[in-house]
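Asker: Mind docking these for me? Both chains are given alone in their own frames, and the hints should help you get the complex.
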Amino acid sequence: MSLSRRNFIKQIAALSALTALGIPTKAKAGEGVDSWSKAVCRYCGTGCGVMVGVKDGKVVTVKGDPNNHNKGLLCLKGALLAPVIYAKERVTKPLIRRNGKLEPASWDEALDLTARKFRESIDQFGPESVGYYGSGQALTEETYLASKVFKAGLKSNNVEGNPRLCMASAVGGYVTTFGKDEPCGCFEDIDATSCFFIFGSNTSECHPVLFRRIAARKQNDPKVKVIVVDPRTTNTARIADLHLRVTAGNDLALLNAMAYVIFKEELDDPRFIRKYVHFKDNAKASHSLEEYLQFLEEYTPEKVAATVGVSAEDIWTAGRMFGESPASLSLWCMGANQRTRGVWANNLISNLHLITGKIGKPGSSPFSLTGQPNACGGVRDTGGLSHLLPAGRVIAKKAHRNQVEKQWGIPQDSLNPKPGLHTTALFKAMSDGKVNCLLSLCTNPAHSLPNLHKFNPGMKKCFMACIEAFSDAKTLEFADVVFPPSFWVEREGVFGCSERRYALVGKAIDAPGECRDSVNILVDLAVRMGVDPKLIPYKDSTDVWNEWREVSSITPYNFMGITRERLRKGSGILWPCPTEDHPGTKRRYVRGEDPNIPKDYPHKYWFYGNPDGRAIVWMRPQKPPAEPADAEYPFVLTTGRVIDHWHTGTMTNKVPEINKSFPEAYVEINDQDAARLSVQNGDNVKLISRRGSMVFQARVGDVCNPGLVFVPWFDPDKLINELTIDAIDPGSKQPEFKICACKVRKV
Amino acid sequence: MPMFKSKIGKWLAVAGFAVVVVAVGMYVYVHAAFPETRCEAKHLTDESKMAGDCYACHLKTTPKIAQDWYEGKHGMLLVKCFVCHGQPDGKGAVEFAVDPDPDKVCRKCHDPAVNRMEEKFGLRPQCNDCHPYHQNSIHHEAFQKTESKKTVN
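Residue numbers (numbering that gives the first Met the number 0), protein chains in the order written: chain Y, 0 to 746; chain P, 0 to 152.
Bear in mind the hints are in silico, worked out from the structure with no lab data behind them.
Some hints could be false.
Claimed, not checked - Simulated restraints on C-beta separations: (1) Pro124/P x Glu549/Y: 48 to 58 Å; (2) Asp580/Y x Lys63/P: 49 to 59 Å; (3) Ala326/Y x Lys90/P: 47 to 57 Å; (4) Cys129/P x Val32/Y: 41 to 51 Å; (5) Asp682/Y x Val19/P: 47 to 57 Å.
Because the structure is a prediction, the values reported are computed rather than measured.
Where is the CB? At the ideal position from N, CA and C, for every residue including glycine.
Okay, chain P solo, but in the shape it has when bound (with noise of 0.2 Å):
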């Protein structure tokens, strides 16, 4: 192909499959060093997984995220996977997604925590750079108060 001969084109073609290899080799790596960052790809590929309750199968491939919602007080209160992220399928009412849209999601039970934390600190893209869903006092140990979390609501 004339494209080859020229110098800039095998450059090009090299370039391109050094991105291809480096982008395989990311996505080998993380496949296996992340394992509960798998499910995304297994829940849209296998219908029949999708079915029942995220809590049940995260139990076993994610045992820590699942842990600390059932512990938190979204957990304690039943505000279940689905009501934040969303069903795999992206066929639900609320979109699919790891880190829910505050603006979607979070307002809808936390409207004045979150303009109040937008008044003190400014518009932040999301809740959890502060508050990490799955491991703070909201989350996380609920309702066993201590001098450390003085939460209210």
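Extracted from the complex, chain Y is given alone in its bound form (with noise of 0.2 Å):
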């Protein structure tokens, strides 16, 4: 080892400064890995590859799985998992709730009181008066079988989760698009793109692995421009050519001026709009192109340059980048989703890419980011909200009904025909005592749900039982029984992630304690509960998998080709993929690359979701959020993710690293605002919304727009959903999260 002069002397300084603190230097461990085992990343919806390294039955450390999409990248998190799977809040054996208290009890006692509980419940009032609330985290298997044993099983359609405050509004946006959920295209796409139009998502921090994709993109062909659309100056926007910093919640409008100035600048594309869109209204009613543009007229850039809060010709330069470019991409997350009109603002970009006809090719997709590694996947595809059936069928529609259970063997018309509820409604009704007994799987409503004042007293009220990993759950503190799930890589499923990937999350280590799979929970208890035997007979989650494939064969998700054999062996498969020997889709509803398309098909594209086999270009006007900034309550609030932390904290703040680098939640403040409050950096001030208040330190800078503040919404002790609004989208019934009214005080 050569060393400089310089480093010599940095190394014998350090050295001489440690020998005088009498603090014995680490010895460089040869730290050897026993095995490697395969898994993807426990964070977000990127979906990451991983390689998990075993020594004596304990991971050791975590590096990138070269073979996957990731190319062997992790962000800082990914880096840092191996901590969380040996934190010492682990439950590891189950609890019940006792005099107040959570204590040890046997796994017989626990499930026979929650299956008795949820019998009594079913019994005397229906089998609506019991619900699930599952996980964009749980694996694809769990939430199939869940949603199976609730709905098939117990006749109770309030099956929901996570993804409902998540990703809600893209799958509406979708399925009013293009008649089907999940995105059309695939990461690829931003190796070939050469126009990123990144609107209300900071990728950079919340999905940074394909932020360095982007990057990696821009680096190698300057030309390619980069859009990004936030009311914040994220790390995101520091590679934007144009960063238009709109005012929270009125993009709409900047979205219908982008269209209008695609078309006046005759960037769109006459032949893709004539063969293969169809414009309609809010009343569903349809119009011509002629109409669509008259429509757009009320959106010129120079009548909504004021509303939306950048200048014109921003807004000029926004649209004919965006139509210029030879393909364009579209990346949103949460700026769209959480939002009380987000299924327009999905629509709204969609929009942009089917008038120009920039979809289905290399590079140009409209392309929803999803916020957890098996939202996208495991919830959505296999049917686990209250509306919804397996593989895109859903319980309204009779023939849907009939099809899913001919296929679980149930007698025909069994299955509930009446939706389930949705989240917010879910936790409404358990404080109304309408729903008296809630199974929850890996997730922590108690600290993610909006308004957090108005939904505890129902989880108080409701008999809770959780599958959590992590004593330190919010949600424990309204648990009365808690039974211990095997974590991450201590059992085998699968995820799949914002692409349309499933990968296979391998088992590398056994579990600790009497933690058992979450799979075989779930059939433990549905047996006690008194679900038929033969309608779950899994023994683990392949048998489960297995099922799912057979299920959404004879759908357009098709996932026949993806066997448990071709998961183990490589690192990920896109669906649609009918058949063993199918490589799987990377562009879907475009001929040669979907499978749902006949070769012989007379059109480039096929929109099979819509019966007209069109996709929509809805005329979606601009709305105000529910709870917009007023003389009372002068600023707008919105929350976020940091990049250090993920969700509500119980995996990251297991990592010491990033404990000790980010303690606690902060709001973010304009520096103008904080000279007129005569607030400086690192003061308290009291954030104060219609639904509670909460002293938060600050930090001052140019981050956020004036008249903009935004706290993190990771730390349980600053919990923010005290503060947020549960306003939802009356379509997807997505909480508006983003933006709520709120106001300032020094203290």
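Answerer: See below:
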């Protein structure tokens, strides 16, 4: 090892400093690894492949899987995954609440008590008095199974999950535009595009490895344009050619104005529009192109600039960049979804692609990013929401119900025809005493629901059984029974990430204590509740996966070719994948790529989700948020993630480095506002909304727009969701976490 | 003491004293001449200073290194200090080190690249012998492609 003089001196200095302090220097451990096991990262919807290094039955390190889409790269959180498994807060024994305290119990006691409570409630008040609240972090198999147990076994459609708080508007957007959920493009589009339109997504902090791919694309070709639409100057905006710092909640007008620019500059694709597009208004009435253009006249850049909060010139530039680029890729996330007009925002983004024909080609796609490792996959595809059945079918349609009944081998018309309660309605029903028992799996609603003061009483009142790995999850304060599950690589199962890629999380180690696989907990519990064991004859997640493949195979979802063996061998496959020799589908709705389209189909595209085979361009007007800032509450409060922490922090706060560097939430405030309020960096300020108030340390700077404050939501000691609003999108039922009014006081 | 009475004993005492003087002198010199290296000692003694973001403090104590990181790829992509260097009290998941161990740290993300380099040049103890962390195109002026910096990943 060659040492430069400077390095040598530095090392001597360090050594002498250490010696002087009497602290022994750590010997470089030749820490080997016995075996590497393939998995998917436990955190975000990017779904990076990871290799888990095991030594003496313990996970000692995690590195990127070079064969998965992330090409071996990981972000800050992924690289520090190993300590999460060995957190001292792991629940390793079943717990039952006795005299107000959760105390260890046997599996039989915990399962029997839960089964009895559910049974009593069903017998007395009917199946709709019980519910399930799942997660985009549960395995595909777990969600499919839970949904089947509740919908077919117990006849309760109250099957929900946290994707309702996260992806529901994207589902609504895709279904209304294309007739089928899930993105049509793939991550590879990032490498081929020449214009990124990043809307309401802080990709850099929320999907860091994807952001790297975007930045690398821009580095490789400096002509690639990046447009970022965000009221905050986030780290993502650092690579932007054009950052549209819009005012929160007025961006629907921006999207329509960009469409206006595209037509005015003749950057539209008349042939694509003529063959594959259908215009509709809010009343679902069909319109001509001319009528659509007439609608857009209300949204000239000059007319909307003041509302949107950016200059007309910038809107013209954005429209031109998007339209002139040979391939444009839209990426969006919670900034579009967590809104009372989230579905509309989704529709309007897809509009830009449909009027320019920038879809289904390499580098061109409207692509929504998912927040959780298996929300796009496990929950949406397997039907883990109250209105869904597996593989894109809906409860409200009799034909769909009958199809599923046949597949599940239950009598015709035996499924409950009434869709269940969506998330906020479910938790409201719990406080109203209409839902008495709830089983939650791998999620933390007492931290992640909006307007917590409203929903906490329901959780207190209701009998709650939680399958939860960490004892410090806020929700366990309300739990009556806690089941300890195997966590992440302690069991085998499948995650589906943002790009329709399903990959296996392999089992690398044994679970600690008395932890059991959630699949087995669900089966055991269901049987004790009286569900016919023949309905759920699974001994492990592989059995469930194989049934799911069969069930999906008669639909356009088609997972038949994604066998367990292929998943073990490779690093993920994109559905639809009808046969074992099919490589998976990168782009849907395109002849020659999508296996649902016959090879001799006369046209290049077929949007088979819609009856006329055309995608819909929706005429959605600008609508303000449910609670805009006003004279009394002059600030807009927005929440979001930071790169260090993930979701409710139950995993990231187990990593010493992260805890130390990012111990608590803060409020970001614009320097002009701060000056007006005489607030300096580091001062404590009180945020007051109509629902609650809380004190945070202020971070003063120019990240937020004037009039906007931002608080990260990971911190269990500073639950910003006590302040957020529970107003929901009427279509997707997703709450408007991103916008509510508040005031700021120096304390 | 009998030891000092013998000639060898006296010489040993003088040599020992000289070693101590040189070591202390060296320490004092380095302490004064290279202020940034002092942080390690500071981190280890003062618990309260260890909390918080490394970058915020290093922007003041070692501005060049902090700025290079910020402008580099790792800074752009928010691969923060502790991901590679661990935390100063040594209680973190990553070993606290000025020069991270490539096998334990770099390979987490750059396994294919490390393997490629190993094949080409044989095993080197440190990646930063050739890729100084805070000074090359990977860690400085990221995403500003020039003819001389044609890196793909």
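Asker: Decide, hint by hint, whether the structure agrees.
Answerer: Hints and how they fare:
Our hint of 48 to 58 Å for Pro124/P and Glu549/Y holds, since their Cβ atoms are close to 54 Å apart. The given range of 49 to 59 Å is respected by Asp580/Y and Lys63/P, whose C-beta atoms sit roughly 56 Å from each other. Against the hinted window of 47 to 57 Å, the Cβ-Cβ separation of Ala326/Y and Lys90/P comes to about 48 Å, which satisfies the hint. Roughly 25 Å separates the CB atoms of Cys129/P and Val32/Y, a value that falls outside the hinted 41 to 51 Å.
With their beta carbons about 49 Å apart, Asp682/Y and Val19/P fall inside the hinted range of 47 to 57 Å.
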